[in-house]
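Peer 1: Here the structure of chain A is known, so what remains is to put chain B in place on it, guided by the hints.
What follows is the residue order along each chain.
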Amino acid sequence: MTEMNEKLVFDKPESVIDRATHYCPGCHHGIAHRLVGELLDEMQLTEKSLLIGSIGCSVFLYNYLNVDAVEAPHGRAPAVGTGVKRARPDNFVFTYQGDGDLASIGMAEIMHAANRGEKISVVFVNNTVYGMTGGQMAPTTLIGQKTTTSPAGRCVAHEGAPIRMAEIIASLGGVAYAARGSLDCVKNIRAAKKHIKKAFECQVNATGFGFVELLSGCPTNWKMTPVQANERIQKEMIPYFPLGVFKDISEEGGIC
Amino acid sequence: MSRIEVREDRCKGCLLCTTVCPVDIIVQSDRFNVSGYKVAEVPAELKEKCTGCASCAMICPDVAITVYKTPKKKGGK
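So the sequences go chain by chain: A and B.
Positions 234 to 489 (this note's numbering) are the ones given, in order, by the first sequence.
Positions 46 to 122 (this note's numbering) are the ones given, in order, by the second sequence.
The shape of chain A in the complex, shown without the other chains (with noise of 0.2 Å):
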């Protein structure tokens, strides 16, 4: 029997579509999509999104946000967003990137975007690894993990070290909001929520670009179970790729 006074207290957000995804299980995009879905919610920001799709395992990600969305080519959301930032500066526009995609091929792309300060919002899903094609060396990959590229482990003497991308835009004269959340554990999910939230608020004010990096699990690629990868990043990813706020201007006005 239901009783009367029962309240929902989660269910899915409005703004995420009721469809199946393809990911693996455990696989952390699900949650990131979840709390990006949530805040366009609860912001309002919904009708007036403009996702920018990336190439990685989120490549589909217009199937699952109810936003208009464009697929930028690998690596070049952020100058995707640019142009239709400025084409259209009322639309809240944001991109969605993995690791392979923002670290590596489109290193050029996030690094002037946010020197510019373009008023644009980045998630970046950092997983330490290439996932939708099979498990290569990212650069975001940690020392020692083995992956199809590094059988061997990566080694700094041959592949150097992984780059800490949230402390490398936060160093940037453009930003307004660069911080690092976890999407392992229920107090991390939720402070990660915030960081994103800031994020956005950077455009909304127009104080800045909002950049967030989500340290997230590809229980695949990493050959683990779901609950062995949210352990690997306590354990190892955490300590390599602190978690925390590296710069907020937002507050003092933004960037100009």
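Hints were generated in silico from the structure; no laboratory data involved.
The structure presented is a predicted model; accordingly, all values stated were derived computationally and were not measured.
Wrong hints could be hidden among the right ones.
Claimed, not checked - Here are the simulated DSBU-like pairs of lysine-lysine, each with C-alpha atoms no more than 35 Å apart in a straight line:
(1) B:Lys94 <-> A:Lys430
(2) A:Lys468 <-> A:Lys430
(3) A:Lys420 <-> B:Lys83
(4) B:Lys92 <-> A:Lys420
(5) B:Lys114 <-> A:Lys240
(6) A:Lys427 <-> B:Lys94
(7) A:Lys245 <-> B:Lys83
(8) A:Lys245 <-> B:Lys114
(9) A:Lys240 <-> B:Lys92
(10) B:Lys92 <-> B:Lys114
(11) A:Lys431 <-> A:Lys420
(12) A:Lys245 <-> A:Lys456
Peer 2: Chain B alone, transformed into the frame defined by chain A:
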């Protein structure tokens, strides 16, 4: 009584929900869904322990869990 509803056609059996439940009532069932995943469930005898905290829904990557909470009545019942 608070409760959760698992949409079995959406559950991928990743079991992340089982790791965050503060009262440990979510388990993997023996049932397969249409995609071939063994879905998560709350066994009938444990249902009343649910606190409606929504942690499971928060970590579910597939938005497969809906949470209903019944506020406690005054007087502790």
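Peer 1: If a hint holds in the structure, say so; if it does not, say that too.
Peer 2: Right, here's what the structure says about each hint:
no.: 1; hint: B:Lys94 <-> A:Lys430; result: holds, 33 Å
no.: 2; hint: A:Lys468 <-> A:Lys430; result: holds, 27 Å
no.: 3; hint: A:Lys420 <-> B:Lys83; result: holds, 27 Å
no.: 4; hint: B:Lys92 <-> A:Lys420; result: holds, 24 Å
no.: 5; hint: B:Lys114 <-> A:Lys240; result: holds, 5 Å
no.: 6; hint: A:Lys427 <-> B:Lys94; result: holds, 30 Å
no.: 7; hint: A:Lys245 <-> B:Lys83; result: holds, 22 Å
no.: 8; hint: A:Lys245 <-> B:Lys114; result: holds, 16 Å
no.: 9; hint: A:Lys240 <-> B:Lys92; result: holds, 17 Å
no.: 10; hint: B:Lys92 <-> B:Lys114; result: holds, 13 Å
no.: 11; hint: A:Lys431 <-> A:Lys420; result: holds, 17 Å
no.: 12; hint: A:Lys245 <-> A:Lys456; result: holds, 29 Å
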